[in-house]
Amino acid sequence: MNYSAKVMDHFANPRNVGEIENPSAVGEVGNATCGDIMRIYLKIEDNIIVDVKFKTFGCGAAIATSSMATELIKGKSVDEALTLTNKAVVEALDGLPPVKLHCSVLAEEAVKTAINDYYKRNGIDKVVEINGHECDGDCSACGKQH
Amino acid sequence: MSRFVYADNAATTSVSPEVLSAMLPYFGSEYGNPSSLYGLGRKSAEAIAEARAKIASLLGAKPNEIFFTSCGSESDNWAIKGAAHANMSKGKHIISTVYEHHAVLHTLDALKKDGFEVTLLEVDSEGLITPEQLEKAIRPDTILVAMMYANNEIGTILPIKELAEVAHAHKVPFFTDAVQAVGNIPIDVNDLGVDMLSLSGHKIHAPKGIGALYVKTGTRLHNLIDGGGQERRRRGGTENVAYIVGLAKALEIAIEQLPDMERIKKMRDRLAAEITKIPATRINGSMEHRLPGNLNVAFEFIEGESLILLLDMAGIAASTGSACSTASLEPSHVLLSIGLPHEKAHGSLRLTLSHENTDEDVDYILEKLPPIVARLREMSPLYNN
Chain Z
435 MNYSAKVMDH FANPRNVGEI ENPSAVGEVG NATCGDIMRI YLKIEDNIIV
485 DVKFKTFGCG AAIATSSMAT ELIKGKSVDE ALTLTNKAVV EALDGLPPVK
535 LHCSVLAEEA VKTAINDYYK RNGIDKVVEI NGHECDGDCS ACGKQH
Chain U
3 MSRFVYADNA ATTSVSPEVL SAMLPYFGSE YGNPSSLYGL GRKSAEAIAE
53 ARAKIASLLG AKPNEIFFTS CGSESDNWAI KGAAHANMSK GKHIISTVYE
103 HHAVLHTLDA LKKDGFEVTL LEVDSEGLIT PEQLEKAIRP DTILVAMMYA
153 NNEIGTILPI KELAEVAHAH KVPFFTDAVQ AVGNIPIDVN DLGVDMLSLS
203 GHKIHAPKGI GALYVKTGTR LHNLIDGGGQ ERRRRGGTEN VAYIVGLAKA
253 LEIAIEQLPD MERIKKMRDR LAAEITKIPA TRINGSMEHR LPGNLNVAFE
303 FIEGESLILL LDMAGIAAST GSACSTASLE PSHVLLSIGL PHEKAHGSLR
353 LTLSHENTDE DVDYILEKLP PIVARLREMS PLYNN
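Those sequence lines, one after another, are chains Z and U. According to the numbering used here, the first sequence is numbered sequentially starting from 435. According to the numbering used here, the second sequence is numbered sequentially starting from 3.
Below, a sample of chain U positions facing chain Z; criterion: calculated Cβ distance under 8 Å:
hint: 1; residue: Phe303
hint: 2; residue: Ile304
hint: 3; residue: Glu307
hint: 4; residue: Leu311
hint: 5; residue: Met315
hint: 6; residue: Cys326
hint: 7; residue: Met381
hint: 8; residue: Ser382
hint: 9; residue: Leu384
Partial list, derived from the structure: chain Z residues whose beta carbon lies under 8 Å from chain U:
hint: 10; residue: Phe445
hint: 11; residue: Ala446
hint: 12; residue: Ala466
hint: 13; residue: Thr467
hint: 14; residue: Ile471
hint: 15; residue: Lys489
hint: 16; residue: Thr490
hint: 17; residue: Phe491
hint: 18; residue: Gly492
hint: 19; residue: Cys493
Source of the hints: derived by calculation from the structure; they are not laboratory data. We treat Cβ as the ideally placed atom computed from N, Cα and C, and that holds for glycine.
Isolated chain U (complex conformation):
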């Protein structure tokens, strides 16, 4: 019996059985439109209200500060475009970082075409930025700061609380893309002090196609989708009741399981310790300020797509920042941002664990990975034993 190890939980996660069973009634008997006045509709409306209240309480927010969207990218687009357009009478300058997710970077590119100016702060070799960097970048016409809570490739956790304080000292609203952070580290929006925060369901064992945006009361934000009166007239479109219920259930489970992150971190650390015994291997990004399940390493002399294909044949699902795995033929902008030369970025491997992974999974990866690296190096003209 061949084994399958899923070690790409930053890409997506399985839908947990509890989440699925919470959702199922809304695909069956509970099909009412939440906007309808009769009982069937009201039941859907109640399910949404309950999910919203639950998510709000899990994040330390108020229910009317939670808005449901179709995904993390939509939440990112809405927060950035909505805040930019709502504040453009004050200025057109936005600050972000070079290693944001493309849902943020490409949204900023779109705004540049509308005359907005964007400053992207550089990260250091660990993937970190400092509040001082932000302080220096803020201008009188800065209207928004958008910085990810945790990086999707190297797992670096930014000091969001301190960064938000700097922005607020200048009366600039602060948005964080927390898609990778939510469910992996404790989050309280009030303690963090952010004005907006995005999250995605499929990273926390809910299905693909559901996200949310936290918008602190009083935050100026234009609508992204105009339509009916849904989401307090802020985001039109008939609500995805089943998925909203699923998201709430998934977040509830994720928060309950946060203590399990210690176990996940130990597995990750064992992987890191053993994998770096392979010569000419380095860990990408900070080990100290890092998501517990994330490991990103670069193997010199080999290319990541080959590595992923051979791992796949051995029953291990993982990902790479190699250019050859993308249509753009450009290596990961995140790995380049922390100073990796192109040839090393090509040989990167990301392993991301969830609570579903076991010590046996780690054993299996450690059994299969080193010979695969050795095999590709044997084939590589760059490698001289």
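Bound-form chain Z, shown alone:
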């Protein structure tokens, strides 16, 4: 697997690993059968993501995209974080092998799932559309054709 130097850096030295005590929101996507799960914790104050942590079960790309996604939304407003796309994560990592693109989708969806949790916890009547795909892969493990 040919990963960029950036991917290897974020895999070997992932930023923001861990949990947040009393988080404002948590989002988890993926499943163990497919081989990747991402859980993102957010601490939100005055609509600003003041802290973010993640825990990921998955390959090098899954860990690196989690790390990069958390870096990209840290300090941003909730609305800004919602504009994060998987493409932006891939670009920030100087690219991913095609077979690993689904990991970046997972990272985008983990952020959006966490923000939905934030809306729900705070009685905000909004739901972020998550494209309905958890990954771009075509693995019979989870029985879906994404």
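Position chain U against the provided structure of chain Z, taking the given hints into account.
The following block gives chain U in isolation, referenced to the frame of chain Z:
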């Protein structure tokens, strides 16, 4: 000085210096075509004849029963397609196992498109199958049984002699893919009673790009590569003289070194004993019926590609059956076949030792591996201390 430990000898092996030096003349002054009539050509022909005789005697075969190919996959393709097509007037049913190498499974898939029917026997949780299972699966139209001698991922050694006896009782020819077994356990084709056996050079310290197929005299087999009169008109193409010489040398050394397998097994057993002290870790496959250098373990809560990358950074080369390490996004069919759920198959690690490994290598793996597993578990949402 950072250390490098190569623990992926089931993937490939280094070319040994003795093998390389045996080959070198055939890249230099001895470049003749073995089919040429003059002295230079004859020298190449003699080198091939000598290599063939040596390999035959090391396997208990006759020289004219050894055919050189380009790799283990070619040998597997030839044996299966060649025997299937040569026997199709008698029937179109072939029996194999679910956990064969893809060189066998995908060859069988190709035959299915030609109207052949394939029964794949399930293996048990240890990776074993029984002669009784084979007995039950044989039908009047069965024309070939193809079963691997030793599994490439979990190292399980199948009872090939007993299985071949069952096939022969029904007059069905028996082929074994022995790519992982040759050079690791003693092999005598007559004692085993197989009709065909494939082997590969790069698993036994010869280069990549050379293999062989043993074909017992009288076995019905169509050609795979038609061409000139090489390999007794069975396999066309100008012979790869240097590599053929290298293969013979490598096999000779491997057989000489078989007693060293006891040392390799002890190193493997120490790895197994220490690694399984890590909580939520299991050994995949039988420890009793297993290649001496093979260890395959599954660590819960972590994913194999991450593990391999971190081991690589620590200077350890190993492999995994995780889906994330493959283009298919499917975990190892071998690990699934012995009943591992997907999430555990993702966290598998294969370490395969050769005679080049030392006790210091084992110490080094045991020093580096547990903290890497702990680090990935710390990062994993599935792991709760």
